[in-house]
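Under the UniProt record's numbering, the letters of the sequence shown match residues 1 to 226, in that order.
Just so you know, these hints were derived from the structure itself, not from any lab. Beta carbons: idealized from backbone N, C-alpha and C, even for Gly. Mixed in with the good hints, there may be bad ones.
To be verified - Quick list of simulated restraints, FRET-style, between CB atoms:
(1) Gln-16 with Arg-118: 42 to 52 angstroms
(2) Thr-144 with Glu-61: 28 to 38 angstroms
(3) Glu-206 with Val-32: 29 to 39 angstroms
(4) Val-20 with Gln-136: 24 to 34 angstroms
(5) Ser-42 with Asp-213: 15 to 25 angstroms
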Amino acid sequence: MIEVEGLGKSFTLHNQGGAVLPVMAGAALSVVPGECVALVGSSGAGKSTLMRMIWGNYLAETGSIRVGVLDVARAAPREIIALRREVLGYVSQFLRVVPRVPTVDVVAEPLLSLGVARDEARARAETLLARLNIPQRLWSLSPTTFSGGEQQRVNIARGFVHTYPALLLDEPTASLDAANREVVLSLIEEAKARGTAILGIFHDEEARNRVCDRVVDVAAFTPRVA
1 MIEVEGLGKS
11 FTLHNQGGAV
21 LPVMAGAALS
31 VVPGECVALV
41 GSSGAGKSTL
51 MRMIWGNYLA
61 ETGSIRVGVL
71 DVARAAPREI
81 IALRREVLGY
91 VSQFLRVVPR
101 VPTVDVVAEP
111 LLSLGVARDE
121 ARARAETLLA
131 RLNIPQRLWS
141 LSPTTFSGGE
151 QQRVNIARGF
161 VHTYPALLLD
171 EPTASLDAAN
181 REVVLSLIEE
191 AKARGTAILG
201 IFHDEEARNR
211 VCDRVVDVAA
221 FTPRVA
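Sequences and hints are given; from them, build the entire structure.
What follows is the structure, given as structure tokens:
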């Protein structure tokens with residue numbers, strides 16, 4: 001479902017005279033349906049960079065990134081938008097939403113963009129919000145006013161409301177209490193059971209050991225210094 005081969009990336013530092021900083025070379029990994037793979041490595045090793053390339057935010061310089069039938073490394077913007085709408089979900093650490101949109105509509109939006117009826121989309125959003133212990137009195141309010149932990153749970157609800165065939169998770173259990181952490185781990189297990197291919201960053205070692213089938217150490221993709 002997710003297949004990365006020969007991936008390379010460097011950044012040009014325009015504020016330092018155009019110096020080129022290689023950050024990744026020869027990255028390769030695969031995630032099959034129903035599998036959860038964790039990216040591990042020290043801070044700055046390239047975990048988030050790799051995730052952003054798979055998501056299509058960073059342009060790959062070499063190699064391929066296949067998600068389903070699409071090579072993200074060579075895809076047109078409209079193809080990436082369609083991929084994100086239908087196939088590839090992403091739960092980031094930070095909630096980015098339009099201000100003043102009610103929380104229930106923020107969570108329902110991925111379904112609405114697929115043409116799901118508004119009542120059904122909202123009902124599915126409400127089910128997830130309740131499961132993630134977001135009080136009902138908050139559903140009509142914008143999540144921009146919520147605490148960090150509440151925003152993270154809204155982000156998780158939004159990421160799981162549609163049954164994406166592939167899912168990227170960036171620290172999904174960070175900042176959560178024990179009860180909500182358990183809910184999130186259960187959501188991941190349920191997604192695996194229905195065949196979702198999941199690639200994630202988990203600094204929570206206990207959570208990683210519970211839901212992940214394999215780990216990939218991104219240190220192996222560090223460019224060699226001549």
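Hint by hint, here is what the structure shows:
no., hint, verdict
1, Gln-16 with Arg-118: 42 to 52 angstroms, "holds (50 angstroms)"
2, Thr-144 with Glu-61: 28 to 38 angstroms, "holds (36 angstroms)"
3, Glu-206 with Val-32: 29 to 39 angstroms, "violated (24 angstroms)"
4, Val-20 with Gln-136: 24 to 34 angstroms, "violated (52 angstroms)"
5, Ser-42 with Asp-213: 15 to 25 angstroms, "holds (22 angstroms)"
The structure shown violates the earlier hints numbered 3, 4.
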